[in-house]
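Peer 1: What follows is the residue order along each chain.
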Amino acid sequence: MDLAYSEEERDFRARLREWLVKVLPELPPRPSPDDWPGRRAYDLGWQRRLYDAGYAGLHWPVDAGGRGATPTQHLIFLEETERAGAPYVGANFVGLLHAGPTIAAEGTPEQRARWLPPVLRGDEVWCQGFSEPGAGSDLASLRTRAVRDGDAYVVTGSKIWTSHAEVADWCELLVRTDPAAPKHRGITWLAMPMDAPGVTVRPLRTLVGSAEFAEVFLDEVRVPAANRVGAENDGWRVTMVTLSFERGTAFVGEVVACRRTLGELARAAKANGRWDDPVLRRRLGRLYGEFGALWRLTQWNVSEAQGAGGVPGTGGSVFKLAYSHARQELYEAAAEVLGAQSLSLEEEWTAQRLSSLSYTIAAGTSQIQHNIVAERILGLPKGR
Amino acid sequence: MDFRLTRDQRDVRAGVRALLAGRYGREALRSDVERAAGAGVEPGAGAAPGAGVDRSLWRELGEAGFFSLRLPESEGGAGLGLPEAVLVFEEAGRVLLPGPLVATHLAAGVVPGAASGAAVVTAFDLDGPLVAHLGGADAVLGMPEVPAGVPVRSADPLTPLWRARGVLPAGYRDTGALLTAALQAGSALRTVELAVRYAGEREQFGQPIGGFQAVKHLCSGMLVRAEVARTAVYAAAVTGDSAEIAAAKMLADGAAVRGARDCLQVYGGMGFTWEADVHLHLKRAWVRAEQWRTAAGAEELLAEALLTEASASASASASASASASASASASAG
Chain Y
584 MDLAYSEEER DFRARLREWL VKVLPELPPR PSPDDWPGRR AYDLGWQRRL
634 YDAGYAGLHW PVDAGGRGAT PTQHLIFLEE TERAGAPYVG ANFVGLLHAG
684 PTIAAEGTPE QRARWLPPVL RGDEVWCQGF SEPGAGSDLA SLRTRAVRDG
734 DAYVVTGSKI WTSHAEVADW CELLVRTDPA APKHRGITWL AMPMDAPGVT
784 VRPLRTLVGS AEFAEVFLDE VRVPAANRVG AENDGWRVTM VTLSFERGTA
834 FVGEVVACRR TLGELARAAK ANGRWDDPVL RRRLGRLYGE FGALWRLTQW
884 NVSEAQGAGG VPGTGGSVFK LAYSHARQEL YEAAAEVLGA QSLSLEEEWT
934 AQRLSSLSYT IAAGTSQIQH NIVAERILGL PKGR
Chain U
32 MDFRLTRDQR DVRAGVRALL AGRYGREALR SDVERAAGAG VEPGAGAAPG
82 AGVDRSLWRE LGEAGFFSLR LPESEGGAGL GLPEAVLVFE EAGRVLLPGP
132 LVATHLAAGV VPGAASGAAV VTAFDLDGPL VAHLGGADAV LGMPEVPAGV
182 PVRSADPLTP LWRARGVLPA GYRDTGALLT AALQAGSALR TVELAVRYAG
232 EREQFGQPIG GFQAVKHLCS GMLVRAEVAR TAVYAAAVTG DSAEIAAAKM
282 LADGAAVRGA RDCLQVYGGM GFTWEADVHL HLKRAWVRAE QWRTAAGAEE
332 LLAEALLTEA SASASASASA SASASASASA SAG
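Quick note, the sequences are listed as chains Y and U, same order. With my numbering applied, the first sequence corresponds to residues 584 to 967, in that order. With my numbering applied, the second sequence corresponds to residues 32 to 364, in that order.
Heads up, a few of these hints could be off.
Quick list of the computed label-pair ranges, beta carbon to beta carbon [what the hints assert, rightly or not]:
id: 1; chain 1: U; residue 1: 271; chain 2: Y; residue 2: 589; range: 50 to 60 Å
id: 2; chain 1: U; residue 1: 103; chain 2: Y; residue 2: 589; range: 20 to 30 Å
id: 3; chain 1: Y; residue 1: 592; chain 2: U; residue 2: 340; range: 16 to 26 Å
Keep in mind that the hints were calculated from the coordinates and are not lab data. From the three backbone atoms N, C-alpha and C, an ideal C-beta is built for every residue, glycine too.
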């Protein structure tokens, strides 16, 4: 149980902090949430700065073009960038945290050479074609079909909840290649160019009021067979590699952000007098304790991952369950601090309150996470 | 940073677990419960004042270093720290080891005989006029003598209570709360195991009840709370930070109390019987939730710490922007 950072880790933090102080004031103004081309340019610009400074793909293996940083260094990176108010990973999320690590782990040398450098340099954006109208958390029920025709797969179907689809160059696409096989088998992982004929993107409006994600319709889209990562019908296993990254590290920086928000809430409550209400004050105190513990849990999970050769374990599900509910509680408390002012959409906390509703749904619903914890960690029998 | 347990720490934990499995298994627990209940005014209802500490068990714990763990080697201790102590107390919590464990541990090096387990030391760690284990105690932490008290029937069969007047001396509350939180975390983890084992064995509607999502989600919720609490306890043991200890206690209390209640629910009708151990975990968790630092007290302490930190970071960023504008005007000049 050692929470102290090594000299090397402290050095890493100090250099990163110094760089952030220098580079952040040089950034262009943030585009509005609905300005997709602006968001793409902004996010790719940030990625390019990370690349030039040697911070791109920090946690990727060195032979994939990454820095081969330890999980602890990655944790420090997420902590410091969030603390400094640096841009979020944004449109590069899928490329850096899903598709990239998957290709690095499962791709051929040609595939790695083709797709990984543009992600790291901030040249190309990826989106994720996993969920379908009939297959969200029950991902194995996906129905989008791909039929082999010569040197290509012909893909027909539709995807939904696809973040950044409007500005993506590539889609990590799951398709069914063997309809007769049991549902976890017969799935294949393809890299689909988003400008291929037959691809139609239709933005979806969320309850926040903005177009955060899209529907993607696929009408006889020809995807070269060379774009298949892993073996045909082995896409489920390939995907599981990806998802462990998602739950393992994707939310780390956000805990830091929530702790900062909590401090802002306390100051606001003190300023408007609501701090004198012991019920609200205790509620904020409880959240402070919970987010402190969640930060320790990320350190625990990162240490465990470091011990297991960098692969995040099932601790990610425990974390995601606790975190997604705590985040919703945080913004409920924010509404109590604001009072009637929380009805104004001009309040940043109100927008956050709305978007926090997705946290118990996205990346595997809380109910699915409970099943994962119950079956894979506790060993309870599978059932209904 | 490597938060994981060191090899030595894993050895400490394994050693204590083996010791307690041999010395305080389920049969010992149940025989204590029956003896305590039998001595009561109404059999089966609660702890009687006669439900004292088992002196031979106490000495064995003392010999195993349970109380002297953190004393320097020069004083006959093991020279270990809070991280090792919380591992030991977590194991004690798992098996529902009875007695004023925390107070006696805190008294080691202060009250003669506490370190070796020759003396039983209790403390006024509850708010109000109640104190546990007074009748069987040789000393009370921080008090010159053991005060007189009137026995009170206790909800927990193995935690006898007295009405008495006394004080908790300053300086012990944080460590007492941390070690109590470790006991709670151990109990919470144990009730997850009990629930999971029962859910895997008990069949209804032609399948183990653990196959039903409703039951699975109860169990996984228990584990999530227990794991968050355990991590908080470990981290607080490393930092010794007062707010972090308060958070650990608050979370561990919740994990233990809710864990035992959910475990009882998984056991169904069996859970509401005297013969299932679930109620023993719940009743002890209630006692510990009132000891050293309550959830309400922890929340107030944490609120204060949050406001202090928030104000400090606000003034830090204010002074940072002030110096930034100062340097900006300097360069403009």
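Peer 1: A separate judgement is required for each hint: does it hold in the structure or not?
Peer 2: Verification of the supplied hints:
Between residue 271 of chain U and residue 589 of chain Y the beta carbons are some 21 Å apart, a value that contradicts the proposed interval 50 to 60 Å. Range check, residue 103 of chain U to residue 589 of chain Y: about 28 Å between beta-carbon atoms, so the 20 to 30 Å window is met. One distance hint, 16 to 26 Å for the beta-carbon pair residue 592 of chain Y and residue 340 of chain U, holds here, with the actual separation near 23 Å.
The structure shown violates just one earlier hint, number 1.
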